[in-house]
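J.: Please take these sequences and the hints and turn them into a complete structure.
Listed below, chain by chain, are the residues.
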Amino acid sequence: MCENCSKSDLTKLAAVFKEFEGDEHALISILQKAQEIYGYLPTDVIYAVAEHVGVSPAKVMGVATFYTQFRLQPVGKNLIMLCKGTACHVNGADSIAKALQDELGIGDGETTADGLFSLKEVACLGCCSLSPVMMINETAYGSLTPDKAREIVRKIKAEGAAA
Amino acid sequence: MKIVVGEGSCGIAAGARKVRNALEALNTGASVEIGVTGCIGMCYLEPIVDVYGGERGTGNGERLLARLVRVQEKDAERIYKAATTGDLSGVEDLKIAAEDEEFLAKQTRIALRHCGVIDPESIESYQATDGYKAIAKILGKGDGQGMTPEQVIDEIKVSGLAGRGGAGFPTWFKWNAARNAKGDEKYLICNADEGDPGAFMDRAVIEGDPHSLIEGMLIAAYAIGASKAFVYVRAEYPLAIVRLEKAIKAATEANLLGPNILGSGFSCELRIKAGAGAFVCGEETALIESLEGSRGMPRLKPPFPAEKGFTDKPSNINNVETFANVAWIILNGGAAFAAMGTETSKGTKVFALTGKIRRGGLVEVPMGLTLRDVIFGIGGGVREGRKFKAVQMGGPSGGCIPESLLDTLIDYKALGATGAIMGSGGMVVMDDRTCMVNMARFFLDFTAKESCGKCVHCRIGTKRLHETLVRITEGEGREGDVELLEELCKGIKDGALCGLGQTAPNPVLTTIRYFRDEYDAHIREKRCPAHECAALRTFSIDAAKCKGCTACARKCPAKAISGAVKTPHSIDATKCVKCGACAAACKFGAVLQG
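Protein chains in written order, with this note's numbering: chain A, 1 to 163; chain B, 1001 to 1594.
Keep in mind that the hints were calculated from the coordinates and are not lab data.
The beta-carbon is built from N, C-alpha and C at its ideal position, and this holds for glycine as well.
Be a bit skeptical, because a hint or two may be false.
[Said to hold, decoys possible] A few chain A residues that don't get close to chain B, going by computed Cβ distances all over 12 angstroms: (1) A48; (2) G76; (3) A87.
[Unchecked claim] As a list, the in silico DSS-like pairs of lysine-lysine whose alpha-carbon atoms are at most 25 angstroms apart: (4) B:K1555 to A:K148; (5) B:K1463 to A:K120; (6) A:K98 to A:K59.
[Unchecked claim] Here are some chain A residues pointing at chain B (derived, C-beta under 7 angstroms): (7) A14; (8) F17; (9) F20; (10) H25; (11) Y40; (12) Y67; (13) T68; (14) L72; (15) Q73; (16) T86; (17) C127; (18) I136; (19) A140; (20) S143.
T.: Here it is in structure tokens:
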């Protein structure tokens, strides 16, 4: 561990470890709970989980990098999940992606400098009949057009500035 | 009176919860009952609100007075008024149209029999519609003497039920193999890792009827001799997880799960495991690796999970829809199920009908109907009067079926012969504006990203396929590219370890087989016939139609359009970035695409 590494409050993990006590196959579940607490998986959390589970940090990293749900970097306040599923693709998801990237000035998987937005393209949100769709935090926005997508983002930006 | 709001994930995304909140705010005196149900299946009409009449709380005695569609928050007040007074004249305009009612009327619902009908969060609601009667019958707690595990497996064999996850393997065979496997501890696993983009059948079943999944799993656990069961659900389905958790809790409290179920001596414990986002985990051995907390990389088969599965113990894995049929089969008999369908495919199948379709949603039909029956008869054909081009079935493992094969039967064998597969049920309709080469590129982008990397053919093969397809769609295609793609596809099919790799070439092979002319146009003429591939598009202005309104010039991000007001404009091809903003902005159809 180096000086530049994250310094997370590891005491918060105790409750998670307790919940999965005795379950030797709980690594993924533990990482999911840890990400709920910290917003992402900081390096020191990965080490702490590895030590607790009794496997190498490399094995934990292996799992964390295999599944798309896990993040190794903090995300913005508003996580935009843009659906790139088949129905959305057919109905123009690419043009929505372009509009969002242009509006936010970031690419897929990146976060804006002000920490307000992260953009992530995902495989399928399962709201195919509303395609093209994006989900911002827990809210789904359907039947998008490039202009509509820009407008939604602008509105959240304005609300963020007002708050 | 009772008002029921359809709250599946799509309904909620369309605003159903806002509607219910508004209704509940009006219902301060609790003069009507306001309830929820799962996905009704007519996604294109969401949010949907049903008004029931009859005596309150009488369950089946209630009758549907009106189905209201595309309801908005602002409509809550008049709906509430209609429900309290019984005078529905104020909501006439919201009532479902007769032709839309056909969407459901033309279906035969078994797996979805309760979806959109019962309250998914109420065990009583499930029990009122024959819920948990099948497991009671088997355990000898209903009428009759009960059934042995062998009798259960025999009944499933008679039904002809096959795996609804896509492969179509006979369910009884898997159960029997797990039953006969040696070992004192066995596991039952439900694959709810519905990863095919464009498919949401399993989500709808769990959100709309979680108890039927539980009951189907209980019957399977009894048949194979398992006392521990898991449901592996996609993390992207939070509502499904919440409803299933509630259902498990209610079933446990009712002694329908846990130790000594209904006093029969049979015990079964059920747990949910949330996936973490990996398409390959739909493959059963990869799913087991993931359940064990590891990277979801497939194992070599044999040994099959029936011999060595979860923690090397005998395990049986079935899909959600497969389980959702089981209780019905036990109650109605395998023969009733087998009476529907074709020689090689029995019963019904659920499809998620999406894409450029007029009426999109969940469709359950007997096997043996044609694709045309589903897409045109139920789905109403292509939206905006465009021309049907193809239907994509089976997601990244499937293929595109052209118009000339629309009379293909819904049957595992017949669909397999087209080069596509039955798959888990995704049916994405495409019109003449969808480029088939770009479609193949889209799927290979997906599989290349989702390949776990364990075997070379899949890891590198899908990447090379994707690169070649990107090249073609960007106008860099070369003579011989199609043959190169075909050779690569063959290598991947033969060499890949698991189903993901073995089927990954299908989208490429079917588009080459049926739409070779589109590949040739891209490669030889540097032209995209569907005008979808941005690099191959050209834009020009039809001077006869242009009114000189300047709308296009103002929208052009590259300032490539010039012309004075009220005189025809023109596009400078050297500046044009081919974004299509001008075509979208023009109200006179004056922007021509080539």
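J.: If you check each hint against the structure, which ones fail?
T.: Going through the list in order, the structure violates hints 3, 6, 7, 8, 9, 11, 14, 15, 18 and 20 and respects the others.
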